[in-house]
Structures are given as C-alpha cells and as structure tokens.
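Here are the chains, one letter per residue:
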Amino acid sequence: MSQPISVHNLKAWYGTQLTLKSVDMELPASQVTAIIGPSGCGKSTFIRCLNRLHETLPGARVEGDVHLGTQDLYKVDPVDVRRMIGMVFQKPNPFPTLSIFDNIALGLRLGGVHNRGQLREAVERSLQMAALWGEVKDRLSEPATSLSGGQQQRLCIARAIAVQPEVLLMDEPASALDPVSTLRVEELVEQLKDTYTIVIVTHNMQQAARVADETAFFLNGEVVEFADTTTIFTNPTDKRTEDYITGRFG
Amino acid sequence: MRTAHSRWRKWQANVGWGASWLATALVLFGLADLVITIVGRGAVSFRWSMLTHVIQSTPSGLQNAILGTLELVVLATLMAAPLGILGGVYVSEFAPLQVAKTIRFLTEVLSGVPSIVVGYFGYLLMVLAWGWKFSALAGGFALTVIMLPYILRNTEASLQQVPLSLREAAWGLGMTRFQAISRVIWRPAASGMATGVLMAIAIGMGETAPLLYTAGWSSVNPNFQLVHSQVGYLTYVVWTYIEQPYESAHQLAYSAAFLLLLVVLFINVVVRALLTRRSLRG
Ligand SMILES: Nc1ncnc2c1ncn2[C@@H]1O[C@H](COP(=O)(O)OP(=O)(O)OP(=O)(O)O)[C@@H](O)[C@H]1O
Ligand SMILES: [Mg+2]
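Protein sequences appear in the order of chains A and B. Sequence positions in the first sequence follow the numbering used here and run 36 to 285. Sequence positions in the second sequence follow the numbering used here and run 27 to 308.
I should point out that these hints are in silico values taken from the structure, not numbers from a laboratory. A virtual CB, placed ideally from N, CA and C, is assigned to each residue, including glycine. Treat the hints with caution; some may be incorrect.
As the list claims (entries may be wrong) - Partner residues are not named here, just some residues of chain B that face chain A (Cβ under 7 angstroms, in silico):
hint	residue
1	A49
2	S71
3	R73
4	G198
5	L199
As the list claims (entries may be wrong) - If we take Cβ atoms under 8 angstroms as the criterion, some of the chain B residues that face chain A in the derived model are:
hint	residue
6	Y149
7	R213
8	S217
Just chain A, with the same shape it has in the complex (with noise of 0.2 angstroms):
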C-alpha cells in the first residue's frame, strides 16, 4: 500500500545560497527512514522538499527530481503533493482556534468526507493511532490549545495521518517532548511503519537506533552515507559519520 520514495539529484536553494547539494536517496516503502546531522546541515530543507513545502518560501528553489512510486511528484499539483505526503513539524501548530475534534476532522471534510459518524469514527481511529485518545476523548470541543505541548504534538500526528497519506515527515517530532512522550511517539512511529513510508529528522541518535530501519547522515547539504540503520551505528565507512555518532563532533 506505501510506496518507496526516490531522490535523485536534489538541490535547493534559500535566495542565491544553495542549501542542499545534490542528493540521492531511495527511501523504502513502509520502513522508518532515519535523517540524522548536525545542525544547519539541510535536513529540514530536505524534508520539505519531499512534501514541496521548501518553494512555498519567498526566494526559495528547488531542482532535481522525487517520485513518489513511479509519480514524479514535481510534475503534479503541490496541493496533491502534501495530500499524499503528511507532515509533523518541530513545533506542534494546532490550529489554534479550532477544537480538538475540528483540527482533526478539518482535513477530512476537506476530502469530502461530510457525514458525521464518520467523521467521529475516523477522528476516533487518529487519536487512537496516536494515543491520546484515552486523555482527550471527554474533552473533544475544547480548543487545542488546552492541551500540553505533548498533547498538542500527538494531536498533530493524528491530523496528519487522519488523511491517510502515504507517506509521513516528522521534522523533529519529539524535540519538544518530555521523556514520557517522546516514548509515545517512538512507539507510535513503530506501529505507523506497516503504513506508511516515514521519514524521521532527529537530533537524538539513540532515537534515531531505536526507530528507524534505515539512516542517512547529511553535512552541509550532502547525504555522507546512507545505509541500514545496524551498519551507520557499529560499522559507518566514513569516518566523518564515525565522528559524527561517537560525538567527536556537530
């Protein structure tokens, strides 16, 4: 059902400087792609290109290619792009004056779904994917932003996959969570794989060995090495990518 995603020759730039330089990838349909790298090294603008966010930015350009499966994601709409391919961001951004229940059901009406049983069952199924149902289900009305910033994360996970996509981008998801969400998240991401094609940014290595199948180090704007998770943390080729996860440095 998920499809592998192929990268291949991706640059992008921020006005005239070019941020990401060439990269090459090909991310397998329902594992957990892992980007890992110091900071400033690119992995969020390459993220964003996935989803075509990247050239929403004034000034912002993209060259190179991404399929999705064998649809060349740069030749379709942006919007279809994104509908296919969900994101969760740094930060959470609920919408803020929308309830739990409409933050979720919003991207679901908008693909047309209108009947209400529906709509509670699949809002229901989100936040049970992303385990918050159990804290939020006597609370549906009430606006997002009286949920925790934990909360509001999962809340965010649960709209994203609310829609089905395909795939799903986590740009740092759990950076702003404390411990205990952080392992929600983690366990979450282990069910989701089956499917969905997941890319996940992270700054946490211990994260990134517990969660993903496959991991790829960047540097300044280049992938330095990609493999399957087991061989990047006991055995990387580059010694760079050894420096990197022993801490030597970034």
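Starting from the known structure of chain A, arrange chain B with the ligands on it as the hints suggest.
This is chain B with the ligands only, laid out in the frame that chain A set:
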C-alpha cells in the same frame, strides 16, 4: 572635567525630560479641555426629546441627524468593510509582490488625501457628473473612500501577524491557499480585522468635510432614498450650529458632539475588549 561633563549631560537629560513632560501635558490639557467642554456642555444641553424630534420642530431635536449619520455610516460600512477585508486578504495572501506593493502604496496615498478633497472630488463626480445630486449614496461613497484604507491595512496587518507555522500546518495538510485562509488563517486574525472595521466606523462617523459636498444637509428625517435626496448628519450640526448666535443652536451642537463622543467612546471600549481578548489568547 569629568564632573563638569556629567553635570552637563545630566542637565541635558533634565531639559529633555522637562520638554517631553511639557509636550505631554499640553496635549493632555488640550484633550481634557475638549472632553470636559463637550461632556459638560453636552450633558446639560442634552434632552431625551432630541432623540424623537427633528431639528426644525419644537422642541428642536437631532433625530434627522442621528438617522442620517446612521444611514451614511451603514451605507459606507456595507461598501468599505467587504471591499477592505477582501482587499486586505488579497494583498496579504495572494497578490504577487509587485501588485501588493502597488496596492499598499495606493492605500497610503488614499489615506493621505485630505478629506475635503475627497468630498470635493465626490461632488464633481457623483453629485454633478453622475447626476446623483446631494444624496446618501454620494455621501456613503465619500465615507467609503475615507474608511477603506483603514480596513484594508488593518486586515492585512492582522493576517501578517498569523505565524508562518500555522500557514505551513494548513498547507502541509494539502490545503490550497484559498482553503488555508478561509478555514484556518482568518480565525486568529478575526478580532484584528473587526478592530479595523470598528475604528473605521468611528472615523467615518466623525467626518464632516467629505459629506459637506456630497450628502448635503436636510433638516427632516432621511427618506432612505439612495439618490436625489439630501441627508442630515450629526457632524454638520456641530459644525454649523455652533456658529449661530442662539443658545438653542449651541445646545443642539453640544448635544450632537456629546452623542458622537459617546458612540466613539463606546466603539473604542469594544475595540479594547477585542484587543485584550486577543492578547489573552496569545
Ligand atoms: N528560511 C530560510 N531562509 C534562509 N536560509 C535558511 C532558511 N531556513 C534554513 N536556512 C539555511 O539553510 C541551511 C539548512 O537549514 P535547515 O533548517 O535545513 O537545517 P537543519 O539541518 O534542519 O538544522 P536543525 O537541526 O537546526 O533544524 C542552514 O544554513 C540555514 O541557515
Ligand atoms: Mg531542522
């Protein structure tokens, strides 16, 4: 040497502070004088019967002016609010950079045009050229021109304050730009936009100059015809009746000013409330 220098600096600072206090005091004094005069004279001059009598009846009243102001402001708001809000949304969310810059510039120019010029231009165009005569519609349009820039700029500014992260949340979910604005982004900006409309109403209500050449003046109640029929309004009463040598005319002028002050004050209180609610929500 150093002490002399620091004494000199201290003296400078004192003079600076003194001057600003003096300036503030002057402004406050002027404002207080204005308010006290209007409230003092207005409150004693005001009679409840003024609400139910037109200006030429006995006892003389303000009903025609109140209804006329109401008609003009409602007409102008009906035109300026949708136009201003849609324009602000367009400039903030959709317009290409150059177009946005041009509209912003034109708005600045428009809000800088003296209101008497707006009135005279309206006179030449609507009253004479289009043959509307002095009328509610001509007055309403003139007020629209005064109110529009406030609403447009306020709408744009409120939308610009909505954080990028919220837009990205909407786009990231696969919303079109139009869906993002109509379903999500306008909500946190709503109280700011409402504030702009209310401020514009308060400003429109207090205008005299653009109406003199467009709405004309009528001492009987408006017949709610859009063209070919003159309308009275409160600011006209303030402006002309204060010059007449009769105490009864002065009473009408002060009462009209008093009513305007009350309404504008009320609008400002509502605006404050909207703004605090917004800042409480964060
Ligand atoms: N909006 C922007 N405008 C201009 N330059 C930007 C912008 N966003 C990021 N950059 C630059 O692009 C480079 C890569 O940024 P990016 O956000 O992709 O890094 P990152 O790997 O996600 O870092 P972090 O781990 O700190 O989130 C950085 O040098 C950054 O300064
Ligand atoms: Mg980042």
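These are the hints, each one checked on the structure:
1. Because the beta carbon of A49(B) sits about 41 angstroms from the nearest beta carbon in chain A, more than 7 angstroms, this interface hint is broken.
2. Hint on S71(B) is violated. Least Cβ distance to chain A is approximately 46 angstroms, over the 7 angstroms limit.
3. Nearest Cβ of chain A to the Cβ of R73(B): about 46 angstroms, over the 7 angstroms cut. The hint is violated.
4. Checking G198(B) against chain A: minimum C-beta separation of about 4 angstroms stays under 7 angstroms; hint holds.
5. Proximity of L199(B) to chain A holds as hinted, the smallest CB-CB distance being about 5 angstroms (cut-off 7 angstroms).
6. At about 44 angstroms, the closest approach between the beta carbon of Y149(B) and any beta carbon in chain A exceeds 8 angstroms, and the interface hint on this residue is violated.
7. For R213(B), the interface hint holds, the least distance from its beta-carbon to any beta-carbon of chain A being 4 angstroms, beneath 8 angstroms.
8. A distance limit of 8 angstroms between C-beta atoms decides the matter here; for S217(B) the minimum to chain A is near 10 angstroms, and the interface restraint is violated.
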